[in-house]
Amino acid sequence: MADFDVIVVGAGYAGTVAAYELAKAGKSVLVVERGNYAGAKNMTGGRIYSHSLKKVFPNFEQDSPVERRITHERISLMDPEANFTIDFTSKALKQEGQDSYSVLSAVYDQWLAEQAEEAGAEIIYGIPVEDLIMEGDSVKGVIAGEDSLTADITILADGVNSLLTAKAVGAKKPKPSEIAVGVKELIELPSGVIEDRFLCNPGEGAAWLFAGDATHGHIGGGFMYTNKDSISLGLVATISDLTGATRPIYQMMEDFKKHPAVAPLVRGGKVVEYSGHMVSEGGYAMVPKLVANGCMVTGDAAMLCMNLGYCVRGMDFAVASGQMAAQAAVEALDAGSVDEASLHRYVDLLENSFVLRELKQYRRFPHFMESTTRIFKEYPAMVKEIMNSMFVVDGKPADPLKKKIMNPVKEVGVTTVLKDAMGGMKAL
Amino acid sequence: MIDPIDVNVDEKLSLNRYEVDEENAHIRLKNEAECPNFQEEFDKLIIACPAALYRRDEEGRPSFDYAGCLECGTCRIICSDTILDYWRYPGPTMGVEYRWG
Numbered sequence: 001m002a003d004f005d006v007i008v009v010g011a012g013y014a015g016t017v018a019a020y021e022l023a024k025a026g027k028s029v030l031v032v033e034r035g036n037y038a039g040a041k042n043m044t045g046g047r048i049y050s051h052s053l054k055k056v057f058p059n060f061e062q063d064s065p066v067e068r069r070i071t072h073e074r075i076s077l078m079d080p081e082a083n084f085t086i087d088f089t090s091k092a093l094k095q096e097g098q099d100s101y102s103v104l105s106a107v108y109d110q111w112l113a114e115q116a117e118e119a120g121a122e123i124i125y126g127i128p129v130e131d132l133i134m135e136g137d138s139v140k141g142v143i144a145g146e147d148s149l150t151a152d153i154t155i156l157a158d159g160v161n162s163l164l165t166a167k168a169v170g171a172k173k174p175k176p177s178e179i180a181v182g183v184k185e186l187i188e189l190p191s192g193v194i195e196d197r198f199l200c201n202p203g204e205g206a207a208w209l210f211a212g213d214a215t216h217g218h219i220g221g222g223f224m225y226t227n228k229d230s231i232s233l234g235l236v237a238t239i240s241d242l243t244g245a246t247r248p249i250y251q252m253m254e255d256f257k258k259h260p261a262v263a264p265l266v267r268g269g270k271v272v273e274y275s276g277h278m279v280s281e282g283g284y285a286m287v288p289k290l291v292a293n294g295c296m297v298t299g300d301a302a303m304l305c306m307n308l309g310y311c312v313r314g315m316d317f318a319v320a321s322g323q324m325a326a327q328a329a330v331e332a333l334d335a336g337s338v339d340e341a342s343l344h345r346y347v348d349l350l351e352n353s354f355v356l357r358e359l360k361q362y363r364r365f366p367h368f369m370e371s372t373t374r375i376f377k378e379y380p381a382m383v384k385e386i387m388n389s390m391f392v393v394d395g396k397p398a399d400p401l402k403k404k405i406m407n408p409v410k411e412v413g414v415t416t417v418l419k420d421a422m423g424g425m426k427a428l
Numbered sequence: 001m002i003d004p005i006d007v008n009v010d011e012k013l014s015l016n017r018y019e020v021d022e023e024n025a026h027i028r029l030k031n032e033a034e035c036p037n038f039q040e041e042f043d044k045l046i047i048a049c050p051a052a053l054y055r056r057d058e059e060g061r062p063s064f065d066y067a068g069c070l071e072c073g074t075c076r077i078i079c080s081d082t083i084l085d086y087w088r089y090p091g092p093t094m095g096v097e098y099r100w101g
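Heads up: the protein sequence lines correspond to chains E and Y, in order. Position 387 of the first sequence, counted from 1, bears residue number 387 in UniProt numbering, the numbering being contiguous throughout. Position 18 of the second sequence, counted from 1, bears residue number 18 in UniProt numbering, the numbering being contiguous throughout.
Check before you lean on any hint, since a few could be wrong.
[Said to hold, decoys possible] Mimicking DSS-like on lysine-lysine, the simulated pairs with C-alpha atoms at most 25 Å apart in a straight line are:
id: 1; chain 1: E; residue 1: Lys-402; chain 2: E; residue 2: Lys-419
id: 2; chain 1: E; residue 1: Lys-173; chain 2: Y; residue 2: Lys-30
id: 3; chain 1: E; residue 1: Lys-419; chain 2: E; residue 2: Lys-360
id: 4; chain 1: Y; residue 1: Lys-30; chain 2: E; residue 2: Lys-172
[Stated by the list, open to error] If you want the footprint, here are the derived chain Y segments under chain E, 3+ residues with CB under 8 Å:
id: 5; region: 12–22
id: 6; region: 49–56
id: 7; region: 67–75
id: 8; region: 92–98
Read the hints as simulated data drawn from the structure, not as lab findings. For every residue, glycine included, the Cβ atom is placed at its ideal position computed from N, Cα and C.
Just chain Y, same shape as in the assembly:
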């Protein structure tokens, strides 16, 4: 079970500068139906992704949005052999841009 969340991560992400590549996802998940351990693996990503890209809606359905990605690669380490279809870096000039880092 995942504890209740009282922090608004989107607000924090909105402080960063991004150039989101709307056309091309740089991370893609496999279909739930293809992966026997999908839910279990997805929960790991909910816990470990600092940008909260992996979430569940009120009915518990998984959702994923790469737009706020910090490009750390944590989900690649956890799930590139299981529920991630691929993990790439965003295309030229795209993605997050740290001003201080």
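The following block holds chain E by itself, in its conformation from the complex:
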């Protein structure tokens, strides 16, 4: 007889949700978390889309420590000397169940872990899982510190840098072209100042993505999220392209913070934390095998993350995968069979939900982004030239508007621009 019905590795979004659902269903569940509390080793950009969370915690808006409801979507094309921004706000962004919230992971994971513990899950902190207990190709539990802990089912929720999925499901180490590194500064500012600077109502906030000079023309981008009384400011850069840069990522971060379009937004703020984390960017192609005998892989450990340039998601995938893994685990335990075929129910649930459907839908996008590096240099410059020609008044006789717009486009090449636009649409 195993020590537990289920052992979950990692108390992040996927792991705590899985544990909560399992405990609620009356299963004995142990979560092993290497941080000294949930979220101690976790980091997000970040914003969570509410739809999947709401299925688990219908009143999370009131009950949980979300920061701000995101009501402004901003996207910028950033040139070293200029910045072009789209600002979108809409009633639809505020609608219950399809809204999104800025969050801080070390804060939010602790709340999620509390819910799991209150439902009856056990969590041990401060101990990394070093290895899996294997019997042939079946996972039978974990080795953590001095202890061997056994379970009928082991759920891996140990994040993007999982050292366990290779053994459990034969996952390959991600390629540098499939992974980005993210850095973030948390900058404290009074909530009223944030609302004034970002043009938001109290309790509401902005999500802001920057392509171009944020990464000095390298694949990736800058991000900014407003929290209650802080701003999350950071960069994400695809590793394979970044390593060809001449400037370290921490210097890029500093340059980004000093860009004339960013500096006034964080002026007078106090940096209180500096964090780093990886982001899986390869989309569907890098999702590993998701089940083995006695084992399921969830969240970032399963590379369930999607970056469409204008929309970055991971936590809603993590929450949904945690819930679905728990559902599959309950059914398998009740049926008395935890082999791969029984646990494949988890994959079916993912396949029939947004999780794998959307990852499949957008599976061509990572390649498009990687191969269309003009997004990060030529296009921000092109937009700058067009806007300069429209807005700069120097007293000289002006060209017709058509010429003003077409000249910068011609510099990149009209067919190139059209081809990229079509390529982007096709990949989406």
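Following the hints, complete the assembly by docking chain Y onto the known chain E.
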């Protein structure tokens, strides 16, 4: 060539809470002599490590200190097959501890 640096990363890292395991390095580099592409690979780590754990001194000699590690795993992705001897997570209760994350 790597551009001049005008940011003090140590200052930023000092904002974080750490419990550094002085006895056990959780990341170890191989000997330079063992790796034909050591310098080239090391430069990749200088560029990509957000904690600036990989640096060169004024004479250009590589230096590495795991103490400020953010445990992101970027160096593992780039160099675990080349100049890294091993990459592990820090031992129980050790390493970085985010208060906000």
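Status of the hints after comparison with the structure:
{"no.": "1", "hint": "E:Lys-402 <-> E:Lys-419", "in the structure": "holds (21 Å)"}
{"no.": "2", "hint": "E:Lys-173 <-> Y:Lys-30", "in the structure": "holds (20 Å)"}
{"no.": "3", "hint": "E:Lys-419 <-> E:Lys-360", "in the structure": "holds (23 Å)"}
{"no.": "4", "hint": "Y:Lys-30 <-> E:Lys-172", "in the structure": "holds (22 Å)"}
{"no.": "5", "hint": "12–22", "in the structure": "holds (count 4)"}
{"no.": "6", "hint": "49–56", "in the structure": "holds (count 4)"}
{"no.": "7", "hint": "67–75", "in the structure": "holds (count 5)"}
{"no.": "8", "hint": "92–98", "in the structure": "holds (count 6)"}
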